[in-house]
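Take a look at the letters that make up each chain.
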Amino acid sequence: MAANSSDCTDKEQPKLKLYSYWRSSCSWRARIALNLKGLSYEYKAVNLLKGEQFSPEFSKLNPINYVPVLVDEDIVIADSFAILMYLDEKYPQHPLLPCDLQKKAINFQAANIVSSSIQPLQNLLVLNYIEEKLGSDEKIAWAQNQIGRGFSALEKLLEGISGRYATGDEIYLADVFLAPQIHAAITRFKLDMLNWTVMVSEKSLDWFNRAED
Amino acid sequence: MDSRPHQDTSGSFFSSSSDKLQLYSYWQSSCSWRVRFALNLKKFERLNPLHFVPVLVDGDLVVSDSFAILLYLEEKYPQNALLPVDAKCRAVNLQAASIVTSSMQPLHMLSVLKYIEEKVGPEERQSWAEYHIGKGFAALEKLLKDFAGRYATGDEICMADVFLAPQISVAVMRFKFDMSKFPTLCRIYEANKVLPAFQASLPERQPDASID
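Respectively, the protein sequence lines represent chains X and R. With this note's numbering applied, the first sequence covers 112 to 324. With this note's numbering applied, the second sequence covers 2 to 213.
The hints are simulated quantities; they were obtained by calculation from the structure and are not laboratory data. Among the hints, a few may not be true.
[Unchecked claim] Label-pair restraints from in silico Cβ distances: (1) R:E118 to X:I251: 19 to 25 Å; (2) X:L236 to R:E75: 28 to 34 Å; (3) R:P123 to X:P174: 16 to 22 Å; (4) X:E270 to R:E191: 41 to 47 Å.
[Stated by the list, open to error] Calculated Cβ distances over 10 Å to all of chain R for the following chain X residues: (5) R134; (6) L150; (7) Q213; (8) D248; (9) E266; (10) G274; (11) L305.
[To be verified] Residues from chain X shown here face chain R by an in silico Cβ test under 10 Å; the list is partial: (12) N176; (13) N218; (14) Q220; (15) E249.
Quick reminder that beta carbons are idealized off the backbone N, C-alpha and C, glycines included.
Please take these sequences and the hints and turn them into a complete structure.
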């Protein structure tokens, strides 16, 4: 679904642009949502390690210097949750939220457990601080602890509700938030996912592995 | 989410004409505060005390997490809507809410501060809190500068206000944070502060408030 800017002629130029960093789980959520909805977009890479989020071009677009940022013609939206809600309202194919209000609320809760209780406590800024002050082992222990606690909360939330995916047999918002977080937990922090059997079934792991560009 | 000990919490009943809602709230929790503020804005009446933080019980349905609760309330009780119809303005409100709930509050919640204090040192606790609060408010000031009217995103009170007002209050009261670098946010806060819905949601007016 993503096209590099150099590959497109003017006629083929997708009207959506996503400013993203390949490793950012927040950017990943936006990519998944765009792909689920079958929306083509121009991928604009912003290398956070090189400080490209502070470039004059990007700062003009988003003075807060965060990724992801979605540009839809003259509308510019930052923050992964705001982007997902915007996409869901404007492009209703493959809805990200179920109609049932209870299930919808559970999706919001799951998304927020990831975006407020887990991701901010194991992002680069926090981990660098802990490593600098307390060392590398403490950093890993901290990350594993924060993620583990969040996953345990999610496990309780989703028990009895999950099916093939987090909140049933369709992919919804909860899955879009969960997939990148679980991926990070496994690949970067070496968490053993066997503790959280409700969240991660064999089938959902397949989907997580395929939820890449 | 706040991880507060259960015995220190209390809750309230909020009712409308057709439904009874129970809110489990902790008087000092900024997350609980957002929900109280929103319920007051939607003209739910508080009846009577109870327990937790925040958890909303609506008939059979139980919703925890302040952001999820607010989005649920928005959908089920559309009176005095807190999210505007305009797509861009709506997105700005959600972004402002995310900045507070993801970039600020989790970094200065008690469990994190205790960890910093114990492992790094007592003097680090305040500077850590101030750093993250400052970073978040700087982002919000930039975001809302061109959108604010009387309130955060215009002349009607919206979701951004519900998140912002308690956060500013907590920053100032609990961390003695100096807001003078953020004139837009200060102005928004002054406008929110005088609202009866905000006044009624103040921590010190809650049934579980204590002097300590």
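**Prompt:** Going through the earlier hints one by one, which of them does the structure break, listed in rising order?
**Reply:** Structure breaks hints 3 and 7.
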